[in-house]
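Student: Line by line, the protein sequences are chains G and W.
Each step along the first sequence adds one to the number in the numbering used here, with nothing skipped, and position 654 is 654.
Each step along the second sequence adds one to the number in the numbering used here, with nothing skipped, and position 82 is 811.
Treat the hints as calculated values from the structure; they're not laboratory data.
Keep in mind the model is a prediction, meaning the values are calculated, not measured.
Fair warning: there could be bad hints in the mix.
Stretch-level coverage of chain W by chain G, calculated; a stretch enters the list once three of its residues show a Cβ under 8 Å from a Cβ in chain G [stated by the list, open to error]:
| no. | segment |
| --- | --- |
| 1 | 775-784 |
| 2 | 787-797 |
| 3 | 869-876 |
Glycine residues also receive a C-beta, built at the ideal position from the N, C-alpha and C atoms.
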Amino acid sequence: MRSDLAIKLAGHAVYGTDLDRPGMLWAALVPSPVAHGRLRSVDLAPARRLPGVVAIGPDDLAALLPGGGGDADRPIFPSGEVAYRNQPLAAVAAPTLAEARRAAALVRVDVEPLPALVDIETAFPSWPGAEAARSPHVIAHVHARHGDLGEAFRTADRVVEETYRTSSVHQVALEPHACVASFSNDRWHVETSTQSPFGVREDVASLFGVPEETIVVDGTWVGGGFGGKGASLLEPFALLLARAAGRPVRLALDYRQEFELGRTTLPAVIRLATAVKGGRIAGRRVRLLLDVGSSLPGRDFATGYSIGFLLGPYRTPAFEVEGYGVRTNKPPFGPHRAPFAPQCAFALESHLDEVARSVGLDPAAFRAEHLWREGDTTPFAQPVGPFGAEVALERARARAAEWRAAAPPDHGVGIGVGFWSTSTGAGGEARLELTPTELTIVQGEREIGSGSVLRGLVAVAERELGLPADRIRVDYRSTADAPFDSGVFGSRTVGALGRAIVEAAERLERTLAERLGDSGPVRLAVADGELVAVGPTLRRPVRELLTPEEGPKGLVASGRHFAKPNSIDEQRVVTGSFYPYTDFTASVHVAEVAVDRETGAVRVEKYAAFQDIGVVVDRATARAQVEGGVAMGLGIALTEEAVWSDDGRLVNAHLLDYRIPTLGEVPVPEVTFVEGFPGAGPFGAKGLGEPPIIPVPATIAAAVRDAAGAHVTELPLSAERVARALKLL
Amino acid sequence: MTDDAGGVRVNGRAFPLEGMPDDERLLDTLRWRLALKGTKEGCRTGDCGACTVLVDGRSTLSCLTLTREVEGQEVTTIDDAATDPDLGRVRAAFTAAGALQCGYCTPGFVLALAGLLKERGRAAPVEELLDGLQGNLCRCTGYAAIVRAVELAREASP
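Work out the full structure, taking the sequences as your base and the hints as a guide.
Tutor: Here you go:
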């Protein structure tokens, strides 16, 4: 069982929003009133006249940060161009939140409004055309190709060309961003709700132009991350205010601001053209227009990473992919659980259904024909490793056939395939400390909810060393005391940091074997209340194997894992960066839906997930990841859509209008794990945080098409869109 | 109810509320005046349910309740150290079902379910209990484990 259940059920877990420090000030941000403009002035004087108020704006940065203070790509406060509505132009702190808000409202900002670009399609009325690459709005351009695509299209039996549109979705972690910062003795200190304390440290150090060692980031309990808490957001403002005030400063978003300022997935237009010959895919051309908001850092990531998912885990002999990251007057694009992969899978899988139907083939059989097998190569010439897609698809097809046979006439059954690869991030390290009575895992990731830290890492140590979970403690430390780790993202905690634990455990085992004087592998067990090292022939209490110099920490061993080197064929890359895969993970889902023929409303009746996992490290935690991922995917599929007005205002920055799935709308999914296709993680485990969300929108779209014949090419599949596809509107 | 007129009772203890503004929300009183941070702040607009507490046994959104409205009444929060039997049963059910991940929505779910069980107990069909939890949002679990916890808590109720 997870060790955090009791503390959370007692109400004792302290999240970012719960932080309180003696003498603390409360902060508020001064938002830009327009989506695009030229900043003329920020007058802080009216706010500063209030008692106890500290205010900072663009003109204060030089004094607060002699070494730097943002750059053109990432201004702390903009001094020239204002890039999106609500962009912070200044920040204030006061003894109470009400006073801070009053002070923020008194700050006089003068911004000359400029025309805003909000909808990417308005900038490219005739897209795709060659002019896109020259557009001033395009800030990222990726282009790759392989094979003779011209020949594939010329000689095809059929070419199917379609356009898909995807929506802007928000993470909706129920805990909004929150932190408390302080500054003393030239050291910056921030407690924050984050997926990556070291990531925040790196961000702040580069933004402030200060050495990383002068910054301490201490993670709190995290009320949901889903990608939204992977990088710094509020920390720089809170730290600067704390320095200016000489007191701790708390900065938290209210939920409206959480929607407005959160970094998340923005809309995209995807154009896919596939050539088919003799019932096989001969080639594909992919064009992606991705809204990256006002983002500059990470712009290539968004487009270059996404585009691989539009070729999918399918053999495609010839291809050309071209992606454009379009700068708009919205907040910067940010990751949302499996960044942009569910949207790509929706487009590709729906397209493959259309392609298969166009040549009279069964969509599932068509996929099975083309799925990668171990030994194939990816479009970028990387060898495909063990991949459970075929087995998962076979089981999904069997389940779909059962459901279809029993389904009433207004129901439909669909199948969707998703692909993912465990991220290593920038690598990481973990330390094990073995005392006579327990094993401690010392590391720098905070549990964000998935259980990957408090259950996953424990399960890895449990399996490697043989001792029971109640003798394994996870010790989270701040960046000042923990070994470096990249953070909780990319499904990497068990799959990547878990490998560091295994390496450390192997070192521990070797040392114990030497001291025990036994030749074979040593495991740990519990006897008479203490830990015992057990070899093939000998056994002794750990107590007797420790040396006096080892002290209270006991026997210490460290392990590391590294980022995977790039292994793609650069010959195929024309422009930009593309990404290699660490391992190969498939998620194949089946849904049965009912479609209301008068309103277009979709109800999900049954759901089954077949998950390629390598090896199950902890069944309950793994199942919970799939259940949660399916529900979150249903939101992307059916209801979630952040709506931006033409002047860059987020219209539905509110949980009543931005609808995430509720308890009555999500069926309890059937979860089946496909083992035996090992990944890069410990014991062959594959990362699991993200894969289960990926095929959900595709699966629902396939089921809706099966139920009602509605081929919907735009997310989400709201009642209105389905009704339009059915010509009811 | 008690001799401390003008105060509020939380988890069996009386708290005076001297100098409290009339428009203070129960959520803020609990969290910032009484330092009972177990009750979570989500949306503050009544849409997420994270701040749910019991007022005289009834499930109540503390973000939309003025503290003055509940003067003299008994407020129960997740910080209650297992004196309320329904709360105890729900906690046990959430533990057995593993019905939480990040835990931020959990206090709201636990109190909402405890309130439903107080009203109807085992007599309530599971569907009715689930219906009563529609106002509580969870982003992590997909509700599957919560549904299992509701079934367990119902079975354990008198």
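Student: Run every hint past the structure and note whether it holds.
Tutor: Structure-based check of all given hints:
Against chain G, the segment 775-784 of chain W contributes 3 residues with a C-beta closer than 8 Å to a partner C-beta. That satisfies the three-residue criterion, and the hint holds. Under the rule that three or more residues need a Cβ within less than 8 Å of chain G, the assignment of the segment 787-797 of chain W is violated, with 0 such residues. For the segment 869-876 of chain W, the stated coverage by chain G is satisfied: 8 residues place a CB nearer than 8 Å to a CB of that chain, which reaches the threshold of 3.
Of the numbered hints listed earlier, the single one contradicted by the structure is hint 2.
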